[in-house]
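If you're matching them up, the sequences are chains A and W in order.
When the count follows the UniProt record's numbering, it moves up by one through the first sequence with no breaks and lands on 166 for the last residue.
When the count follows the UniProt record's numbering, it moves up by one through the second sequence with no breaks and lands on 206 for the last residue.
Treat the hints with care, as some may be off.
Okay, derived cross-link-like pairs now, DSS-like style, lysine-lysine, Cα gap no bigger than 25 Å in a straight line [to be verified]:
(1) A:Lys62 - A:Lys79
(2) A:Lys62 - A:Lys18
(3) A:Lys18 - A:Lys126
(4) A:Lys18 - A:Lys8
(5) A:Lys65 - W:Lys193
(6) A:Lys62 - W:Lys197
(7) W:Lys193 - A:Lys62
(8) A:Lys141 - A:Lys164
(9) A:Lys18 - A:Lys141
Residues of chain A placed beyond 10 Å of chain W at every Cβ, according to the derived structure [as the list claims (entries may be wrong)]:
(10) Lys8
(11) Asn24
(12) Ser33
(13) Glu115
(14) Val128
(15) Thr129
(16) Thr133
(17) Glu136
(18) Arg157
Sample of chain A residues with no beta-carbon within 10 Å of chain W, all distances over it, derived [stated by the list, open to error]:
(19) Pro23
(20) Arg58
(21) Lys65
(22) Ser89
(23) Ala99
(24) Thr103
(25) Ala134
(26) Gly138
(27) Leu155
These are calculated hints, taken from the structure and not from any lab test.
Ideal Cβ placement from N, Cα and C applies to all residues, glycine included.
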Amino acid sequence: MDLSRSNKDIHVGIGEYKIALSPNRLVTLGLGSCVGVSLWDPSTKIGGLLHIMLPNSRDFTKVVKPEKYADLGIPLIIKDLVRQGAGQSRLVAKLVGGAQMFTGADKKQLFNIGERNIEMSRKILKEVTIRITAEEVGGNKGRTMYLDTATGEVLIRTIGKDIKVI
Amino acid sequence: MNDKKSFSDLQIDALQEISNIGLGHAATSLAEMLDRKIDMGVPHADFISFERVIELIGGYEELVSCVSLELDGDINGLVFYIFNESSTYRLVDMLMGLEEGTTVELDEMATSTINEIGNILTGAFVSAISDFTQLHINTSVPIFAFDMLAAIFTTLVVAVGRPEDDSVMAIETNLFREDKKVNGHFFLLSEPKSIHKLFTALGIDA
């Protein structure tokens, strides 16, 4: 669990996705209610990481960046992975994030978005028959997520806790 | 909208002025609570990108505290205060009359203290703006988080329901008690319609 290989780390911004080949690592920093979806093909060792902010693009009239939404972003990254040589049937997914960051929230659906992001991600992945092999979701802590394209391992950093590998 | 380019110098000046008034009230409220003189540096207001906000405060994984209130009425959106880790602890020390450097983590007591400070500062800001502009603004009960900056920030952006925006009205403030400085950032996440109302109330065509 070496987190210091920064020269090979590719940063995935908020509401974006990136694709990389082994031995690069993809990283997205500070997931709160957002969900990080990693997809990895063990055979070609191509991996992708998507940082989604919202479950459903249909809740909005104006959609400029489809990557921000689970319903559009997941199909988009899969298509791109396949175009770059991954086999769709071999892809395995891992989900990280979807936390409830705030205390004192009156449980309004406004702050329930993390849960909805997780549910929608699962639903979309199921529709395209991609298996979720591990999850680290919910709770109330922010998370940083790494996908190691060499091994398919996902490393999770949380403030005040040890690094977790799933 | 909510793009920096869509605001004129005059509008930015007005925001600066309104920040000065709002945060002046906020500092006064805090001083009353502490029963000590609190000075405030001249706030700097601007519309800045989310990425810039994260840079400004110290990075994606920077540990910060955040108190946020939801607004509705004439202005819809969220206001929130963010303090970095050291300023958070220093604020707790100040408020609880502890020697500087005493607080090094947030226990339940410290959490409720910082929550209260954030609530007072944000509430005073909003009521000052409301009085000054005659706009009707309701605030919700405060919500609180102490965690990675990016995790907190994106959660608020998403909660406001404007996922395609990429900038926010940010006001940097410094609060002083005697020689001790606490640096905080105050934000308004809102919709173009509300910002327009704010400018109109200030007598500026938006």
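- Query: For Arg58 of chain A, is the shortest beta carbon distance to chain W beyond 10 Å?
  - Reply: Per Cβ check, Arg58 of chain A is outside 10 Å of chain W; nearest 13 Å; holds.
- Task: Mind verifying the non-interface call on Glu136 of chain A? Its CB should be farther than 10 Å from each CB in chain W.
- Result: 14 Å, holds
- Beyond 10 Å from chain W, beta-carbon-wise, is Leu155 of chain A? Check passes; 14 Å lies beyond 10 Å.
- Query: If you draw a straight line from the CA of Lys62 of chain A to the CA of Lys197 of chain W, is it 25 Å or shorter?
  - Reply: 22 Å, holds
- Task: Over 10 Å to the closest beta carbon of chain W is the bar; see if Arg157 of chain A clears it.
- Result: 8 Å, violated
- In terms of Cβ atoms, is chain W entirely out of 10 Å range of Gly138 of chain A? With a cut-off of 10 Å, Gly138 of chain A remains clear of chain W, as the shortest Cβ separation is near 13 Å.
- Cβ separation check - Thr133 of chain A to all of chain W, threshold 10 Å: Non-interface label stands for Thr133 of chain A: nearest chain W Cβ at 24 Å, farther than 10 Å.
- Given the hint that Lys18 of chain A pairs with Lys126 of chain A, test it: the Cα-Cα distance must not exceed 25 Å. 22 Å, holds
- When you look at the beta carbon of Ala99 of chain A, is every beta carbon of chain W farther off than 10 Å? Nearest chain W Cβ is 7 Å from Ala99 of chain A, so the label is violated.
- Message: So Thr103 of chain A supposedly isn't at the interface. Is its beta-carbon more than 10 Å from every beta-carbon in chain W?
- Response: 5 Å, violated
- Non-interface claim for Asn24 of chain A: all C-beta distances to chain W beyond 10 Å? 19 Å, holds
- Taken at face value, is the distance from the CA of Lys193 of chain W to the CA of Lys65 of chain A at most 25 Å? 22 Å, holds
Comparing the model with each earlier hint shows violations of hints 12, 18, 21, 23, 24; every other hint is respected.
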